[in-house]
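Participant: Chains as they are written, first to last, in the numbering used here: chain A, 1 to 341; chain B, 1 to 341.
What the hints contain is simulated information worked out from the structure, not anything from laboratory work. Since the structure is predicted, the reported quantities are computational estimates derived from the model, not experimental observations. The reader is advised that the hints may include incorrect statements.
[To be verified] Pulled a few chain B residues facing chain A out of the computed Cβ check, cut under 10 Å:
(1) Thr11
(2) Met33
(3) Asp158
(4) Leu269
[What the hints assert, rightly or not] List of simulated lysine-lysine pairs, DSS-like, C-alpha gap at most 30 Å:
(5) A:Lys304 - B:Lys14
(6) B:Lys14 - A:Lys244
(7) B:Lys304 - A:Lys244
(8) A:Lys14 - B:Lys243
(9) A:Lys243 - B:Lys14
(10) A:Lys35 - A:Lys14
(11) A:Lys243 - B:Lys243
(12) A:Lys304 - A:Lys244
(13) A:Lys14 - B:Lys244
(14) B:Lys244 - A:Lys304
All residues carry an ideal CB built from backbone N, CA and C; glycine is no exception.
Protein chains: 2
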Amino acid sequence: MIIDIHGHYTTAPKALEVWRNRQIAALGNPADMPKPSELHISDDELRESIETNQLRLMRERGLDLTVFSPRASFMAHHIGDFAVSSTWAAICNELCYRVSQLFPAHFIPAAMLPQSPGVDAATCIPELVKCVEQYGNVAINLNPDPSGGHWTSSPLSDRYWYPIYEKMVEYDIPAMIHVSTSCNACFHTTGAHYLNADTTAFMQCLTSDLFRDFPTLRFVIPHGGGAVPYHWGRFRGLAQEMKKPPLQEHLLNNIFFDTCVYHQPGIDLLTRVIPVDNILFASEMIGAVRGIDPQTHHYFDDTKRYVEAADVNPEERHLIYEGNARRVYPRLNAALLAQGR
Amino acid sequence: MIIDIHGHYTTAPKALEVWRNRQIAALGNPADMPKPSELHISDDELRESIETNQLRLMRERGLDLTVFSPRASFMAHHIGDFAVSSTWAAICNELCYRVSQLFPAHFIPAAMLPQSPGVDAATCIPELVKCVEQYGNVAINLNPDPSGGHWTSSPLSDRYWYPIYEKMVEYDIPAMIHVSTSCNACFHTTGAHYLNADTTAFMQCLTSDLFRDFPTLRFVIPHGGGAVPYHWGRFRGLAQEMKKPPLQEHLLNNIFFDTCVYHQPGIDLLTRVIPVDNILFASEMIGAVRGIDPQTHHYFDDTKRYVEAADVNPEERHLIYEGNARRVYPRLNAALLAQGR
Numbered sequence: 001m002i003i004d005i006h007g008h009y010t011t012a013p014k015a016l017e018v019w020r021n022r023q024i025a026a027l028g029n030p031a032d033m034p035k036p037s038e039l040h041i042s043d044d045e046l047r048e049s050i051e052t053n054q055l056r057l058m059r060e061r062g063l064d065l066t067v068f069s070p071r072a073s074f075m076a077h078h079i080g081d082f083a084v085s086s087t088w089a090a091i092c093n094e095l096c097y098r099v100s101q102l103f104p105a106h107f108i109p110a111a112m113l114p115q116s117p118g119v120d121a122a123t124c125i126p127e128l129v130k131c132v133e134q135y136g137n138v139a140i141n142l143n144p145d146p147s148g149g150h151w152t153s154s155p156l157s158d159r160y161w162y163p164i165y166e167k168m169v170e171y172d173i174p175a176m177i178h179v180s181t182s183c184n185a186c187f188h189t190t191g192a193h194y195l196n197a198d199t200t201a202f203m204q205c206l207t208s209d210l211f212r213d214f215p216t217l218r219f220v221i222p223h224g225g226g227a228v229p230y231h232w233g234r235f236r237g238l239a240q241e242m243k244k245p246p247l248q249e250h251l252l253n254n255i256f257f258d259t260c261v262y263h264q265p266g267i268d269l270l271t272r273v274i275p276v277d278n279i280l281f282a283s284e285m286i287g288a289v290r291g292i293d294p295q296t297h298h299y300f301d302d303t304k305r306y307v308e309a310a311d312v313n314p315e316e317r318h319l320i321y322e323g324n325a326r327r328v329y330p331r332l333n334a335a336l337l338a339q340g341r
Numbered sequence: 001m002i003i004d005i006h007g008h009y010t011t012a013p014k015a016l017e018v019w020r021n022r023q024i025a026a027l028g029n030p031a032d033m034p035k036p037s038e039l040h041i042s043d044d045e046l047r048e049s050i051e052t053n054q055l056r057l058m059r060e061r062g063l064d065l066t067v068f069s070p071r072a073s074f075m076a077h078h079i080g081d082f083a084v085s086s087t088w089a090a091i092c093n094e095l096c097y098r099v100s101q102l103f104p105a106h107f108i109p110a111a112m113l114p115q116s117p118g119v120d121a122a123t124c125i126p127e128l129v130k131c132v133e134q135y136g137n138v139a140i141n142l143n144p145d146p147s148g149g150h151w152t153s154s155p156l157s158d159r160y161w162y163p164i165y166e167k168m169v170e171y172d173i174p175a176m177i178h179v180s181t182s183c184n185a186c187f188h189t190t191g192a193h194y195l196n197a198d199t200t201a202f203m204q205c206l207t208s209d210l211f212r213d214f215p216t217l218r219f220v221i222p223h224g225g226g227a228v229p230y231h232w233g234r235f236r237g238l239a240q241e242m243k244k245p246p247l248q249e250h251l252l253n254n255i256f257f258d259t260c261v262y263h264q265p266g267i268d269l270l271t272r273v274i275p276v277d278n279i280l281f282a283s284e285m286i287g288a289v290r291g292i293d294p295q296t297h298h299y300f301d302d303t304k305r306y307v308e309a310a311d312v313n314p315e316e317r318h319l320i321y322e323g324n325a326r327r328v329y330p331r332l333n334a335a336l337l338a339q340g341r
């Protein structure tokens with residue numbers, strides 16, 4: 001089977017965005033704040049938004065299951081305070097949960113957290129617990145820059161983040177390290193901020209000994225790892241100068257890369273450079289790049305085509321498509337086994 | 001001949017750093033500010049610092065000429081005000097000029113600018129004029145983030161930068177877009193900030209119509225273009241969604257990438273994806289990654305080895321080594337012709 005470990009609910013019914021806009025408009029004006037109960041989205045609306053979009057494309061492309069989380073660019077943790085983020089995260093996570101209940105064979109949820117700049121990371125734990133214990137989430141998305149492009153938080157190696165890591169270890173769930181919208185005019189959200197964050201997160205891990213403190217902690221770095229595989233020699237060299245162990249030993253028991261790289265040469269580099277055990281299939285569909293490549297006449301984000309054409313053998317391709325996801329996301333594996341898959 | 005378009009004076013005599021540390025220590029205390037005349041570095045000291053380092057390695061590797069600019073991480077435009085940056089830039093540029101006079105066959109200078117966060121970019125023009133007209137500089141380094149990792153300046157497409165572009169066009173000189181030290185704990189300088197800035201700068205150009213205003217403006221994006229070539233499909237797709245022309249037409253008359261990518265698969269990707277006319281040989285030696293790759297037993301930054309092994313024909317390799325540099329740096333070409341080269 002083919003598991004796409006990186007899907008966001010980018011196609012939620014319009015009512016969600018309308019509610020969020022009301023919430024944002026009411027910032028600083030509590031009386032105007034909309035209640036979560038004022039958001040009404042029916043199961044039929046959810047069904048239609050999925051069947052005509054993600055599920056249609058999954059069927060066309062032959063993808064079986066998507067790890068499905070709230071729309072990354074809409075997390076916008078920089079907006080409002082913790083209460084705002086908390087309400088918003090709860091709403092978004094509930095929708096992904098409902099999608100997973102409507103399409104249990106095709107979607108399994110991953111949670112966004114109610115992060116807020118400068119707020120104790122432990123405040124995220126109740127939502128995390130609910131999502132894992134009640135909603136069956138198999139992973140979280142962790143935003144290394146809740147400020148939205150101003151990078152005011154501590155690096156991921158800082159103890160600030162440890163409450164989240166402790167819970168991740170307890171539940172044995174990975175985190176995809178994924179920023180949200182940039183509110184810094186220097187950084188285009190999907191063309192710069194996302195990729196920069198991937199590279200930044202990797203380097204924060206490289207310079208630290210985080211995984212000595214948390215040997216079973218697992219991070220998935222999306223978008224093919226940002227600039228990391230292309231500059232693998234640079235990172236190997238920097239680690240060597242810092243007297244760190246080789247990257248395989250220092251980071252690759254804990255860090256994994258997805259295949260959201262939207263052309264053949266990029267996937268070829270990824271599979272050439274990064275050990276196959278550390279590559280997980282993903283497309284981030286329907287996401288940042290929705291068009292058809294005039295050079296191939298296929299969707300840019302139809303990453304399965306690139307993996308099919310990559311120089312890997314069938315056993316390795318199976319790891320990329322399924323085996324690694326089952327290993328890195330044990331709760332996903334358990335859910336699949338419970339379904340007899 | 002082989003021209004390395006990306007070398008910094010990272011090996012300047014210790015007196016330079018001592019002077020800079022005095023300058024930094026005197027911030028806010030004008031009476032303690034050291035005078036430029038208190039810095040004494042003899043020609044013999046310059047000669048030794050070059051002969052035992054860059055020139056030795058250039059000879060070992062068979063490189064003929066380096067475009068030589070002040071140490072990037074030492075520019076540190078975020079330190080002090082314009083006066084501090086101005087004095088510091090003048091000192092550093094003079095040293096590179098002196099190196100070029102001592103070794104005219106091997107080094108030709110490129111200038112750092114006295115940038116300072118929030119200060120009018122036009123304040124950089126006098127130093128730029130001096131460096132081009134009196135010192136024979138053939139290019140500048142332009143820091144897109146003088147704040148040092150806080151990204152408080154406007155994007156490169158903003159009119160803030162136009163005074164510099166107007167002078168670049170007048171002199172027909174390119175700018176290497178190169179940040180300096182990160183003072184943001186999130187960003188490791190050479191492992192994250194440099195690469196992020198490369199990606200960010202490219203995307204700032206992609207989303208804008210800067211090169212419609214300046215059709216002959218030329219930017220060299222170092223470190224192999226950050227994440228750009230690896231994600232070339234993503235950038236093609238984003239440009240398409242923004243209704244921009246194809247990247248070749250939209251950006252590749254004006255943007256060029258160097259070969260500072262420190263492993264074979266990275267250079268192979270670069271030469272596979274980016275048109276050969278847009279690739280310029282460089283090593284950034286002696287720079288961020290100084291060690292020997294245990295996998296190859298050669299220096300990580302001996303990028304000539306990767307270019308030699310890349311799948312390009314002799315004519316294409318000549319463009320990468322020399323032809324493109326002569327075209328993108330017309331003042332370099334003129335200086336070489338004047339030397340009969």
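Participant: Taking the hints in turn, state whether each one holds.
Facilitator: Now for the hints, and whether the structure bears them out:
{"no.": "1", "hint": "Thr11", "verdict": "16 Å, violated"}
{"no.": "2", "hint": "Met33", "verdict": "32 Å, violated"}
{"no.": "3", "hint": "Asp158", "verdict": "8 Å, holds"}
{"no.": "4", "hint": "Leu269", "verdict": "5 Å, holds"}
{"no.": "5", "hint": "A:Lys304 - B:Lys14", "verdict": "54 Å, violated"}
{"no.": "6", "hint": "B:Lys14 - A:Lys244", "verdict": "28 Å, holds"}
{"no.": "7", "hint": "B:Lys304 - A:Lys244", "verdict": "27 Å, holds"}
{"no.": "8", "hint": "A:Lys14 - B:Lys243", "verdict": "25 Å, holds"}
{"no.": "9", "hint": "A:Lys243 - B:Lys14", "verdict": "25 Å, holds"}
{"no.": "10", "hint": "A:Lys35 - A:Lys14", "verdict": "17 Å, holds"}
{"no.": "11", "hint": "A:Lys243 - B:Lys243", "verdict": "47 Å, violated"}
{"no.": "12", "hint": "A:Lys304 - A:Lys244", "verdict": "35 Å, violated"}
{"no.": "13", "hint": "A:Lys14 - B:Lys244", "verdict": "28 Å, holds"}
{"no.": "14", "hint": "B:Lys244 - A:Lys304", "verdict": "27 Å, holds"}
In this structure, the hints that do not hold are numbers 1, 2, 5, 11 and 12, in rising order.
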